[in-house]
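**Q** The primary structure of each chain is shown beneath.
2 protein chains.
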Amino acid sequence: MGDGEENRRITLAEVAQQAGVSLSTVSKVLNGRQDVSSATRVKVERLLETHSYRRTTRVAREAPLIELVFHELDSVWSMELIRGVENLAKAHQASVVLTESGTRHAPAPDWIEGVLQRRPIGVVLVFSSLPDAVKRQLDARSIPFVIVDPAGDPEPDVPSVGSANWSGGVAATRHLIDLGHRRIGIITGPEDMLCSLARLDGYRSALNMAGLAHDPSLVRFGDFHVEGGYARAMELLQLPDRPTAVFAGSDLQALGVMEAARVRGLRVPEDLSVVGYDDVMIARWSSPPLTTIHQPLREMGEEAVQMLLRLRAGEPSVTRMELATSLVVRKSTAPPAARNP
Amino acid sequence: MGDGEENRRITLAEVAQQAGVSLSTVSKVLNGRQDVSSATRVKVERLLETHSYRRTTRVAREAPLIELVFHELDSVWSMELIRGVENLAKAHQASVVLTESGTRHAPAPDWIEGVLQRRPIGVVLVFSSLPDAVKRQLDARSIPFVIVDPAGDPEPDVPSVGSANWSGGVAATRHLIDLGHRRIGIITGPEDMLCSLARLDGYRSALNMAGLAHDPSLVRFGDFHVEGGYARAMELLQLPDRPTAVFAGSDLQALGVMEAARVRGLRVPEDLSVVGYDDVMIARWSSPPLTTIHQPLREMGEEAVQMLLRLRAGEPSVTRMELATSLVVRKSTAPPAARNP
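These protein sequence lines are chains W and H, in that order. For the first sequence, full-length UniProt numbering gives the first residue as 1, with consecutive numbering after it. For the second sequence, full-length UniProt numbering gives the first residue as 1, with consecutive numbering after it.
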């Protein structure tokens, strides 16, 4: 790999000389920049073609990158989203750059520097919003971006993919009502997230539609984690007239509810029915396997990449897409046991 | 951002001219390649310094990439490894390119093309081996690589990070013996993986050290998945003299054992103790929370990046590193219940 092989190829300096332009102009043409006259562009491109110039420096074009940014990689559904994005990226010969940055609300400021240097074909952000400065920087480089927002709180001017939270809340609650439950508790997500409120509203509407009263003492806000599910379930199970079923608002919270039941000496589903939300892998693996609302996380990742590619191609694209949720019945739900008065 | 700003800076062609070397030599110096005499290197570097050359084309250095390749992203411990690699990459201002490719044994052939184009600062592979052709291609580009190999089956000439499987098997079994168990079943991993054999040998040695006989009817090979754990546990629990404890060889298999116990009407830990292996998040979240062997997956990812950076810097580095495993006692193990003869 000495100078021998290199010298057989034309150098960019030689192209510049033959075209009568500066080396930086040749470089701009190679990198597809717009601030070069079209006459110059054509001249340079013909020279490169004639000499079969191998674009060893065009990293961004030959090995395209899609950026995927999370604020937190340890939530169990990150992997499902990653797989969706990775699947579709691979189908388009692109690789995925994975970054953990910032808070639930926005990536950290230094993140954007790396993105601008890597020149990805697009950015998928798992955040509920995006600072205006970041939007402007990406827009200025024509780098399209899409928010995947399981929290359901997108800004109207940002393309985003979510799922149907309200319908999910209705389906979970209706399933429990159909089994015969009348005292149904809910542990939804944090109070400041739209998805929590949408699922809670779905729960209330399902009760209303069935002509059942809504008892505010059976409603709790959680944190989407196991510990929160456990703590709130312990409160619900200590009520004088405890619920016979709990809609847990996330699979992790449902695991916490099952552990609370175990500690209180209650069997699931014989003494307490539990419904989760998300349908991540652990829902299948818990003991008993968890009845839950399937949120199509992998498809949401795939859809986000599809949106990116449409945006990049300048095709018209919807701004907000909500994928359907669906009930998956496993073994954590059953009719309520007959109780002594 | 027109030509004005660009022209105020020295071009690489001018540096080459002033140094009396070819443009490709200047480029080699910039890219840190070794096939340039040190006199030439010093001359070129001084010129670049004098003219405050801004390395706008050095994408690889300004936004460095670390490649992380899995054959399968859906195993629960992928995320822990990803977080380890991502943590340490971020500490070195590098980004992580995540790829799913090939089989358990090696990445797919097309994967290497993308890597050579992206010119990462190094490659972390979660595979048990690497084809010679891939090794040669990476070596020729001076791209260092490290295998993270939880299966414990590394090739001697490839730098790799693993963990202490035999010691883990001893610790799990000894914990059950110390609780008073005498009939201890084991469901280890697949028969063709070294880590399975190491954990099984650890189990046998712990029994021997305690003066207990080793009963081959209590030994099963699994698949490291929940379903395999469930099926093998059903076999063990149907034995006339069933085990009072099972060492499950992976946390997923342990979940399968717990579900088998539930289906057979046995309580964990009152009627059956269960020990997992890995200590992934679900071990904390299962009901009851799982006693398990902690495999330091995140640290293994971090260590792999450290090894890459040492290799890249030309520092001496060990070829094989095994991190320690440790017992984490939670609530799935207890002394055996007194049984009627």
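What the hints contain is simulated information worked out from the structure, not anything from laboratory work. Here the structure is a predicted model, which is why all the values come from computation and not from measurement. The beta carbon of each residue, even a glycine, is placed where N, CA and C say it ideally should be. Mixed in with the good hints, there may be bad ones.
What the hints assert, rightly or not - Cβ-Cβ distance ranges computed for the label pairs, FRET-style:
1) W:50 x H:10: 53 to 63 Å
2) W:93 x H:315: 48 to 58 Å
3) H:337 x W:267: 33 to 43 Å
4) W:113 x H:204: 27 to 37 Å
To be verified - Some chain H residues close to chain W (C-beta under 8 Å, calculated; not the full set):
5) 11
6) 13
7) 74
8) 78
9) 98
10) 99
11) 100
12) 258
13) 288
14) 326
15) 330
**Q** None of the hints should be skipped; say for each whether it holds.
**A** Structure-based check of each hint:
{"no.": "1", "hint": "W:50 x H:10: 53 to 63 Å", "verdict": "violated (29 Å)"}
{"no.": "2", "hint": "W:93 x H:315: 48 to 58 Å", "verdict": "violated (35 Å)"}
{"no.": "3", "hint": "H:337 x W:267: 33 to 43 Å", "verdict": "violated (19 Å)"}
{"no.": "4", "hint": "W:113 x H:204: 27 to 37 Å", "verdict": "violated (55 Å)"}
{"no.": "5", "hint": "11", "verdict": "holds (5 Å)"}
{"no.": "6", "hint": "13", "verdict": "holds (4 Å)"}
{"no.": "7", "hint": "74", "verdict": "holds (7 Å)"}
{"no.": "8", "hint": "78", "verdict": "holds (7 Å)"}
{"no.": "9", "hint": "98", "verdict": "holds (5 Å)"}
{"no.": "10", "hint": "99", "verdict": "holds (6 Å)"}
{"no.": "11", "hint": "100", "verdict": "holds (5 Å)"}
{"no.": "12", "hint": "258", "verdict": "holds (5 Å)"}
{"no.": "13", "hint": "288", "verdict": "holds (6 Å)"}
{"no.": "14", "hint": "326", "verdict": "violated (20 Å)"}
{"no.": "15", "hint": "330", "verdict": "violated (11 Å)"}
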